[in-house]
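Novice: Which chain is which? The protein sequence lines are A and B, in order.
Per the UniProt record's numbering, the first sequence runs over residues 1 to 322.
Per the UniProt record's numbering, the second sequence runs over residues 1 to 322.
Accuracy of the hints is not assured; some may be wrong.
Lysine-lysine pairs mimicking DSS-like chemistry, simulated, CA-CA at most 27 Å apart [as the list claims (entries may be wrong)]:
#1 A/K167 <-> B/K227
#2 A/K124 <-> B/K311
#3 B/K167 <-> A/K124
#4 B/K200 <-> A/K167
#5 B/K103 <-> A/K200
Think of the hints as simulated: they come from the structure by calculation, not from any bench.
Since the model is a prediction, treat every value here as computed from it, not as a measurement.
Number of protein chains: 2
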Amino acid sequence: MESPQGQALRCIVKMGGAAITHKDEFESINVEKLSTTCRQLSQSMNASCNTPINMDWSRGDGAPLVPEVLELQGNSICTERFIIIHGAGSFGHFQASKSSVHKGGLETAIGKAGFVATRISVTKLNQEIVRALASEGIPAVGISPFSAGWSTRSRALEQYEVSMLRKSLDCGLIPVLHGDAVFDSAQGCTILSGDVVLRKLAQDLKPLHTVFLTDVPGVFDRPPSDKDAILLEEIVVHIDGSWKITRPVILSAKTGVETVTAAHDTTGGMAAKIAEAAIIAVSGVDVYIVEVGTQHALEAFNCTSRHSLSKEWVGTIVRASS
Amino acid sequence: MESPQGQALRCIVKMGGAAITHKDEFESINVEKLSTTCRQLSQSMNASCNTPINMDWSRGDGAPLVPEVLELQGNSICTERFIIIHGAGSFGHFQASKSSVHKGGLETAIGKAGFVATRISVTKLNQEIVRALASEGIPAVGISPFSAGWSTRSRALEQYEVSMLRKSLDCGLIPVLHGDAVFDSAQGCTILSGDVVLRKLAQDLKPLHTVFLTDVPGVFDRPPSDKDAILLEEIVVHIDGSWKITRPVILSAKTGVETVTAAHDTTGGMAAKIAEAAIIAVSGVDVYIVEVGTQHALEAFNCTSRHSLSKEWVGTIVRASS
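Starting from the given sequences, assemble the full structure and let the hints guide the process.
Specialist: Structure, rendered in structure tokens:
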């Protein structure tokens with residue numbers, strides 16, 4: 001995207017639910033991974049010319065005093081253009097699956113309550129992520145897809161809103177979006193996954209690349225817990241959407257992609273994520289799938305093209321055939 | 001507003017910042033007043049046919065267990081159409097005034113940090129209010145004006161979005177909006193007060209009436225702390241915007257309206273609120289200004305017209321001349 005200021009969107013980062021929450025512990029953030037990621041992003045965005053400025057001036061738990069705000073007049077904040085999208089992990093999934101919000105049912109008590117409860121849970125996570133980013137000097141603004149007017153028809157994206165995102169980027173702000181409960185013109189309501197939001201934004205705003213943060217080092221040919229699992233280093237997607245593994249060379253032609261999918265992951269597991277990555281890649285935007293909190297994640301944020309990744313980099317690149 | 005279902009918007013409730021927060025204690029909710037208000041609203045909306053259904057299935061502070069969700073299949077929720085707007089009180093004002101967000105300055109470090117910090121604080125309050133409403137069975141959905149695309153030009157409202165609100169009401173949901181930091185096409189950014197949001201929605205959606213919840217019994221002719229202060233029972237607004245006190249009859253023709261305005265109330269005090277109420281009233285929508293958490297507040301929520309208010313009702317009615 002060439003903005004009025006002529007600067008391109010550098011990167012869309014998808015913080016996977018499994019990467020930043022403890023998936024098996026109800027509404028529990030993985031504070032360590034989230035903090036590390038926010039520090040890495042701050043560094044990569046060059047968020048403050050010197051020391052990061054804390055932009056979360058809110059009351060912390062048990063901190064009753066008004067925070068001391070630095071005298072910042074005259075300083076400027078140099079920020080690269082990023083958009084952040086996060087999944088739900090242990091937030092939202094319980095509420096959504098208990099009430100089957102993805103299937104509609106807004107006219108019933110359980111459907112309506114589930115819609116409300118799901119939004120409370122995912123916006124709570126969004127709030128915490130925005131605060132964690134802001135405390136590292138990143139000018140983050142939470143934007144809920146529901147509030148911004150995103151909606152679906154028979155679960156496929158129907159309406160979306162990117163002008164606010166463009167405006168935010170032009171003003172040097174970092175939009176933070178998430179999977180959300182939204183209206184559906186056919187079935188009343190559904191769940192709009194963070195992956196679908198990511199896909200739409202990647203297609204419309206054309207970042208230099210996108211980064212998927214996960215809790216494993218990339219995509220494997222079988223569940224990563226399997227001792228023989230092989231990390232897929234590069235997946236090339238053809239114009240018709242078909243894709244093949246180009247690195248490493250795997251002898252068995254039948255090897256498919258198979259990973260563990262947690263039962264409560266209502267928006268799909270790793271296989272669905274590869275399919276999403278392939279759709280993004282085919283539009284010409286490289287996708288790097290990488291383990292959260294590692295040097296490889298930082299390298300993925302920083303790189304200007306896949307050719308600039310070091311030989312030591314560990315992760316999966318999904319790209320279009322050239 | 002006649003919706004597709006033909007049902008009118010019954011009431012827009014403005015929860016004043018002073019009514020639901022401790023204004024002198026940084027980011028502190030007045031839990032008692034907020035709880036009472038949510039119970040009253042639940043009762044008034046007939047939110048559940050029987051016992052209110054808890055729609056906040058989120059983890060409470062220190063409650064690590066997944067909540068037990070009631071089996072609700074088959075139940076339906078009868079909800080009157082309400083919109084709730086809240087002020088900021090001790091949330092947001094500190095951040096906004098420290099950085100002068102209302103004057104713009106998004107290109108400076110302090111302005112950008114203040115914008116981010118203000119949004120964090122007001123959305124934190126919104127989250128807590130939505131949860132409090134949901135826990136009383138009200139299907140509340142938080143909608144931030146910034147996220148929904150509201151913006152100003154030279155601090156006057158320029159863009160706004162009500163289609164999501166209409167859709168939410170048609171689906172039986174209760175939108176909860178708030179004062180917010182927004183973009184301004186002339187000066188970069190500013191503060192959009194909850195009162196301005198209220199005025200626009202009242203004009204566009206034509207509720208039967210609006211209710212302003214405050215921390216005093218209504219509007220007085222001088223600061224309510226003054227022992228001689230007289231409660232103004234009715235203010236009538238003429239088509240040209242001028243207004244006069246019609247009840248009680250006050251002998252001194254010179255008596256103006258004067259109340260205490262806290263120094264950190266960056267969006268104006270009671271005088272500004274009367275001006276806002278007058279603008280709403282002149283469009284034909286009655287405004288009831290009433291003390292939070294009282295029987296009078298409940299009566300204001302419940303009433304179908306000002307003529308149905310009891311003789312014992314205490315508050316200020318602002319209405320158009322007939």
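Novice: Compare the distance between the alpha carbons of A/K124 and B/K311 with 27 Å, and conclude whether the hinted pair is satisfied.
Specialist: 44 Å, violated
Novice: Need the status of pair B/K103, A/K200: alpha-carbon distance at most 27 Å?
Specialist: Status violated; Cα separation ~34 Å.
Novice: Taken at face value, is the distance from the CA of B/K227 to the CA of A/K167 at most 27 Å?
Specialist: Roughly 52 Å separates the two Cα atoms, so the pair is violated.
Novice: Could you grab the alpha-carbon distance between B/K200 and A/K167 and see if it respects the 27 Å cut-off?
Specialist: Roughly 23 Å between the alpha carbons, so the hint for B/K200 and A/K167 holds.
Novice: Given the hint that B/K167 pairs with A/K124, does the C-alpha gap stay at or below 27 Å?
Specialist: 23 Å, holds
This entry does not satisfy hints 1, 2, 5, going by the numbered hints stated previously.
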